[in-house]
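All chains should be modelled from the sequences, with the hints used to inform the complete structure.
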Amino acid sequence: MPRSPKIHFVHENEPGTPLDATQIRALRSHVRQVNLERLQQRTTQRMENFRSLSVDDFSQNGEIRPEKRRFVSRSEPRDTPTTSQMTSEPDEEARIHEPEQSVASSRRYSFLLPGRLHSDSRQGGRPASSIPGPHPYTSDISAVTGLDEARVNQLLTSNAFQMAIAPVITAEHGECDVASLSVFPDLLGNSAFLFALVHSMVLSSNSWTSSNESLHLKGRAIECLHEALPRDNTTVRSLSICAILMLCHAASRSGEHNEYAAHSEGLYRLMQVCRSSGSALPSDVLRAVFWHDLTGAGISGAPRRFSEVDFPSLFDAILDHTHQVRQELPFGFVSHEDVIHHDTLLCIKEIIGLQKMVAMNSIQPVAVDNIRASIVSRLVVLPQASENLGPVSECCRLAAYVVCHLCCKEARAHAYVPVSLSEKLAQVLHDTIRDEAWNLRHDLLLWLVFVGASASRYPGDALLAPNPQYQQIMEIILQLANTWVKRREGDLVLQIAKAGFMYSDDWIARRHSIPSWTELERTVSEATSSDKESQDR
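For what it's worth, UniProt numbering labels the leading residue of the sequence shown as 1, then goes sequentially.
Bear in mind the hints are in silico, worked out from the structure with no lab data behind them. Computed from a predicted model, the values in this text were never measured in an experiment. Incorrect hints may have been included.
Dumping the calculated BS3-like pairs for lysine-lysine here, alpha-carbon to alpha-carbon at most 30 Å [claimed, not checked]: (1) Lys409 - Lys424; (2) Lys424 - Lys498; (3) Lys498 - Lys409; (4) Lys349 - Lys409; (5) Lys486 - Lys498; (6) Lys424 - Lys356; (7) Lys498 - Lys356; (8) Lys349 - Lys498; (9) Lys409 - Lys356; (10) Lys424 - Lys349.
Laid out in structure tokens, this is it:
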């Protein structure tokens with residue numbers, strides 16, 4: 001075996017002139033001395049870290065809490081670095097600290113990561129999950145997609161990851177063991193899934209506007225899908241379905257309706273192949289397909305291709321548990337029953353019952369999702385019937401859809417749904433608010449604006465600004481409020497709007513974030529105070 005060429009040391013100022021033996025020994029001695037000093041410095045820093053520490057300064061894993069460290073410990077190199085490694089260290093350090101995203105964004109979706117993220121592996125003496133370093137999938141995805149690791153890491157630790165992965169996350173994942181479970185087996189070995197994921201993340205980070213980069217990634221995802229589809233393997237087909245779901249979601253968000261329809265058609269055909277071949281797809285994948293189909297019909301008006309009957313393994317139990325306790329219609333709706341579709345009123349009763357069960361924590365997430373599926377399935381088929389009754393009925397249907405969607409904690413990651421519904425609601429309100437249909441229905445009108453404006457500000461998608469139409473609608477309502485005040489009914493209208501209908505989360509507490517809502521309450525309050533003073537006199 002040939003020996004490697006001998007290394008020659010040369011003068012810095014006289015290239016080509018070799019050093020003599022004495023100078024070489026002196027140089028090597030200097031290098032050893034520098035390495036020894038560095039080792040002593042690291043040892044001293046470790047000792048300083050342990051001085052004056054109490055028991056409370058250590059985490060449950062036995063590590064020093066980050067804020068208690070006097071020096072930031074660094075991982076020690078296993079081998080002496082080569083020249084190329086030494087010159088790349090500044091770039092590596094910059095890449096590690098480049099994303100300004102908090103570790104919480106990665107931890108929030110940690111159920112998608114392998115157990116190694118939560119293991120006791122140490123990087124610099126601290127748990128891997130608490131270090132703002134590279135995402136554990138960074139190098140693997142970079143190797144498959146060809147994107148720079150820094151770019152991939154930035155995407156995986158940003159909000160774009162949540163937006164991209166949302167269509168394949170369902171209530172099935174609510175009970176996952178985040179410390180050890182990887183939701184999608186063999187995820188890193190499926191190129192179609194990875195390309196679709198990165199494509200969607202890139203598109204999301206660019207406000208859902210296509211670029212050369214996103215188009216290239218989408219093309220590669222489709223190529224990989226064509227290669228994977230002939231394989232009769234349940235895992236491969238499951239990941240292929242997830243890849244198509246992400247492509248559908250990205251197309252819908254970017255306004256590519258023809259592309260969305262094409263991907264949905266491909267998804268339908270693949271599901272037929274799986275059914276005919278007897279492939280037992282995982283329940284979480286089936287649930288994701290069901291909600292994709294239902295949401296597409298509810299938001300985009302796409303034709304439904306599936307129903308609960310097509311997924312007997314998901315919906316083989318009685319879906320509607322809300323009839324176990326009779327639910328009364330909230331009193332705010334009672335005086336408006338004549339203009340609201342009967343089926344919408346039934347759905348509202350069931351939503352109220354579902355909210356109560358969720359609040360009591362007496363029902364599992366999957367059961368909540370099943371009931372929600374039953375309610376939304378009925379709301380989705382009502383648009384034509386509601387529109388025939390008038391704008392009031394259609395607006396109530398949309399508002400009920402919003403509140404029902406937010407009953408499920410896992411569904412709240414899909415902020416696109418309530419935001420899109422709020423846009424539809426805003427359009428109907430804006431076009432009809434001055435119509436006679438709203439006469440003597442100001443409490444209901446105010447509730448609808450309350451629901452729509454709250455949903456448009458839903459924090460799940462930071463890229464979407466509040467719908468400006470609600471500002472215009474509230475300006476009209478402020479004008480109408482003068483009429484309520486003159487009739488001395490302003491306070492009653494406001495109180496019914498805040499307590500007589502159905503709501504989600506802490507919307508009532510956050511009502512002042514709605515444009516002009518504070519001004520509305522002040523106007524009504526001042527008028528009420530003036531009336532009381534007049535009566536006292």
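Evaluation of the provided hints:
1. Lys409 - Lys424: Holds, at roughly 23 Å.
2. Lys424 - Lys498: holds (22 Å)
3. Lys498 - Lys409: Holds. Lysine 498 to lysine 409 sits at ~23 Å (cutoff 30 Å).
4. Lys349 - Lys409: Measuring from Cα to Cα gives roughly 20 Å; hence the hint holds.
5. Lys486 - Lys498: holds (21 Å)
6. Lys424 - Lys356: holds (27 Å)
7. Lys498 - Lys356: Given pair lysine 498, lysine 356 holds - Cα atoms ~18 Å apart, limit 30 Å.
8. Lys349 - Lys498: Measuring from Cα to Cα gives roughly 18 Å; hence the hint holds.
9. Lys409 - Lys356: holds (14 Å)
10. Lys424 - Lys349: Judged against 30 Å, a Cα distance of about 23 Å means the pair holds.
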